[in-house]
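Those sequence lines, one after another, are chains A and B. Start counting the first sequence at 665; every next residue gets the next number (this note's numbering). Start counting the second sequence at 52; every next residue gets the next number (this note's numbering).
There's no promise every hint is true.
[What the hints assert, rightly or not] To give an idea of the interface, some chain B residues facing chain A are shown, with a C-beta separation under 8 angstroms as derived from the structure: (1) Gln84; (2) Gly165; (3) Arg230; (4) Lys251; (5) Asn254; (6) Arg256; (7) Ala294; (8) Pro296.
[What the hints assert, rightly or not] Calculated lysine-lysine pairs in the DSBU-like style (CA-CA distance at most 35 angstroms, straight line): (9) Lys805/A <-> Lys793/A; (10) Lys931/A <-> Lys673/A; (11) Lys931/A <-> Lys950/A; (12) Lys121/B <-> Lys805/A; (13) Lys841/A <-> Lys931/A; (14) Lys804/A <-> Lys121/B; (15) Lys793/A <-> Lys261/B; (16) Lys841/A <-> Lys121/B.
[What the hints assert, rightly or not] Okay, the calculated beta carbon distance ranges per label pair: (17) Pro959/A <-> Ile174/B: 53 to 61 angstroms; (18) Thr855/A <-> Ala337/B: 47 to 55 angstroms; (19) Asp333/B <-> Ala937/A: 33 to 41 angstroms; (20) Ala979/A <-> Ile343/B: 44 to 52 angstroms; (21) Ser746/A <-> Asp241/B: 34 to 42 angstroms; (22) Phe185/B <-> Pro791/A: 35 to 43 angstroms; (23) Glu749/A <-> Glu238/B: 52 to 60 angstroms.
Don't read these hints as lab results, they were simulated from the structure. Backbone N, C-alpha and C define an ideal beta-carbon position, used for all residues, glycine too.
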Amino acid sequence: MGASVLQVKNLRTVLDLASGSVPVVDDVSFDVGAGETLGIVGESGSGKSMTALSIMQVLPQPIGRIESGEILLEQTDLVSMSDEEIAQIRGREIGMILQDPHTSLNPVFTVGNQVIEALQINNPGTPRKSLMDRAIDLLKKVNVADAERRIHAYPHQMSGGMKQRVVGAIAIAGAPKVIIADEPTTALDVTIQLQYLELLRDIQEETGTAIIFITHDLGIVANLCHKLVVMYGGKIVESGMVADVFRAPSHPYTEALLKSVPSVDQKVDRLYAIQGQPPVLSVDRKGCSFAPRCPYAQDICTREVPQQEAGLSGAKTHLASCWNMGRDT
Amino acid sequence: MLIALFVITVIVFSLSHLTGSPIDALLPDDATQQQIDSLTEHLGLDRPYYVQYLTFLQNAAVGDFGDSTKWKGNTAAGVVLERLPATLKLGGLAVLISVVVAIPLGVLSAVWRGSIFDRMAGIIALLGQSFPAFWLGIILMWIFAVMLGWFPTSGYGGLSYMILPAIAMAWFQIAALTRLTRSAMLEVLDTEYVKLARIKGVNERAVIWKHAFRNAAIVPVTYFGVLAGSLLTGSVVVETVFAWPGTGLLAIDAIRGRDFPVVQSVVMFFAVFYLLANFLVDVLYAVVDPRIRFS
Chain A
665 MGASVLQVKN LRTVLDLASG SVPVVDDVSF DVGAGETLGI VGESGSGKSM TALSIMQVLP
725 QPIGRIESGE ILLEQTDLVS MSDEEIAQIR GREIGMILQD PHTSLNPVFT VGNQVIEALQ
785 INNPGTPRKS LMDRAIDLLK KVNVADAERR IHAYPHQMSG GMKQRVVGAI AIAGAPKVII
845 ADEPTTALDV TIQLQYLELL RDIQEETGTA IIFITHDLGI VANLCHKLVV MYGGKIVESG
905 MVADVFRAPS HPYTEALLKS VPSVDQKVDR LYAIQGQPPV LSVDRKGCSF APRCPYAQDI
965 CTREVPQQEA GLSGAKTHLA SCWNMGRDT
Chain B
52 MLIALFVITV IVFSLSHLTG SPIDALLPDD ATQQQIDSLT EHLGLDRPYY VQYLTFLQNA
112 AVGDFGDSTK WKGNTAAGVV LERLPATLKL GGLAVLISVV VAIPLGVLSA VWRGSIFDRM
172 AGIIALLGQS FPAFWLGIIL MWIFAVMLGW FPTSGYGGLS YMILPAIAMA WFQIAALTRL
232 TRSAMLEVLD TEYVKLARIK GVNERAVIWK HAFRNAAIVP VTYFGVLAGS LLTGSVVVET
292 VFAWPGTGLL AIDAIRGRDF PVVQSVVMFF AVFYLLANFL VDVLYAVVDP RIRFS
């Protein structure tokens, strides 16, 4: 694992709503190196997807904007780039796989057309015939069976798993240094999910690309990721190497997430669920966002935001933000 | 389509008989009863209505709507065909203006939603939908022909004669088409595949015109059928205002003269044209959207 390819520093993204500027990504920092996989975990509305959209700078317009922070791609800051410059980064340097393959391919173009378009952007001036051959190779690489025929198919003629493979092919068309996968398996059948994860791992082994994997499934994180950040209410509440965080979860939210994963070995009457609702976006928030649902909450938790401290595993990279870290776990 | 045609023939036949007898229009007021009877018999108006209808249908099938009673010595269909090019020229120009103005206006207002441009386009659309075509025609004529003298006021001629009536016909369509295009584009611009196109690094112009517009186009294409139809009906009003010798003006003259055969053939031509336009729309659907092609 080399030096970090993508580094996010104190990123703050807000949505300008009628009620004011609501922070959806708040002081988020992480980095990911070549050949490394970073998992971003959290519930719906925790800011995972907004973090990804901030990196790509395709936030919902006109309400979304990056307020402060840096996104460094090999030392080059993407936040300060113009629209034209960032368009050069998208697809070439950073690829992305969206959540729902049924909606992320354009219904009026053949999948071949859409893969070729991605190739064309990265290799302008290449004759169409050779792009076609390369598109077929790409589809074969992502295990689309019968690629020569399928390349002429429209998205609606393919299954969800096949479509997501095509989206994967588009993401790797520019041989990007970083691939962001935003819950790419959520819309797929369980058996297909596993195949897809293996595919991602194979691609990473072959190309040495960094992967940012966004999910709410800790099982996937344990399988696929090296590093992990846990997000809650737009903030990172805990981060570290996967092994350290799983061994010694230091934030009550991480602990609760791990407890909610059903185990095959133990038979339980009722699956564990975290009490309460995820936080509603609001302009003014005080204290720790998790406090209202936290079993260990004290007075200070609702008043002041906790700072990052060393996590319970003792590892150097393991950090968590909680007023109550010394609790009995 | 055939059923639609059948219904149209029944309506055309019935309506034209509700407007009164052609005898009154054809003969002088002091005509004798004998003259009336002989003409009635000659035109077949003494036969039962269903016989008249079947005869009409039989002849209509081969494009024979009888002889014009007003323009003596011409067949009704011939009279209409003679005027048709004028209407098609004017209508074609109006369609061209509508599409060329409305599509970019709609697409760009969606892209720049909430901007000054979007608001101006909204005002243009609102005005267009509020002005009746005949009023707009008169105002345009007054400003650009009478006051400024840029265009001839009325009559038949080249492009300069066509511009004012074409704008009068097109404005309402521009308004409707702009709003439809805008709302369709807004919907499409929010989709995941447009997001993915941006993520792929496609430049913004191709995102809008290739990825988004191709999907949004189905809405303006649907409207095209309505557009073609209402330009013909609109031609009745606008051609009258501008004294443009097309089928619209012909229809008015024929109705005034109780010229049943001509009225019937005008309406039949309009109906067939409308059906053809909608058939064209169905074909265009398949061209635009592959999901329709395969299902």
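Hint validity - glutamine 84/B Cβ closer than 8 angstroms to any chain A Cβ
violated (70 angstroms)
Holds or violated: lysine 805/A with lysine 793/A, Cα cutoff 35 angstroms?
Holds - the C-alpha atoms of lysine 793/A and lysine 805/A are around 19 angstroms apart, at most 35 angstroms.
Given the hint that lysine 793/A pairs with lysine 261/B, test it: the Cα-Cα distance must not exceed 35 angstroms.
Since the Cα atoms of lysine 793/A and lysine 261/B sit roughly 21 angstroms apart, the hinted pair holds (cutoff 35 angstroms).
Proposed interface contact between glycine 165/B and chain A, which counts if any beta carbon pair is under 8 angstroms:
holds (7 angstroms)
Is the interface hint for proline 296/B satisfied, with its Cβ closer than 8 angstroms to some Cβ of chain A?
Violated: closest Cβ of chain A sits about 43 angstroms from proline 296/B, beyond 8 angstroms.
Can we keep the alanine 294/B interface hint, with Cβ of chain A closer than 8 angstroms?
Constraint on alanine 294/B not satisfied, violated at 45 angstroms.
May I ask you to test the hint 53 to 61 angstroms on the CB atoms belonging to proline 959/A and isoleucine 174/B?
holds (58 angstroms)
Regarding the pair lysine 841/A and lysine 931/A, is the alpha-carbon distance no greater than 35 angstroms?
violated (43 angstroms)
Satisfaction of the arginine 230/B interface hint, Cβ to chain A closer than 8 angstroms
With a minimum Cβ separation of about 20 angstroms from chain A (threshold 8 angstroms), the hint on arginine 230/B is violated.
Cβ distance range 47 to 55 angstroms for threonine 855/A and alanine 337/B, holds or violated:
violated (36 angstroms)
Hinted pair lysine 121/B and lysine 805/A, Cα distance within 35 angstroms
This hinted pair is violated, its Cα atoms lying about 77 angstroms apart.
Hint check: lysine 841/A vs lysine 121/B, CA-CA at most 35 angstroms. Holds or violated?
With a Cα-Cα distance of about 81 angstroms, the restraint between lysine 841/A and lysine 121/B is violated, given a limit of 35 angstroms.
Taken one by one, the earlier hints fail for this structure at numbers 1, 3, 6, 7, 8, 10, 11, 12, 13, 14, 16, 18, 19, 20, 21, 22, 23, listed in ascending order.
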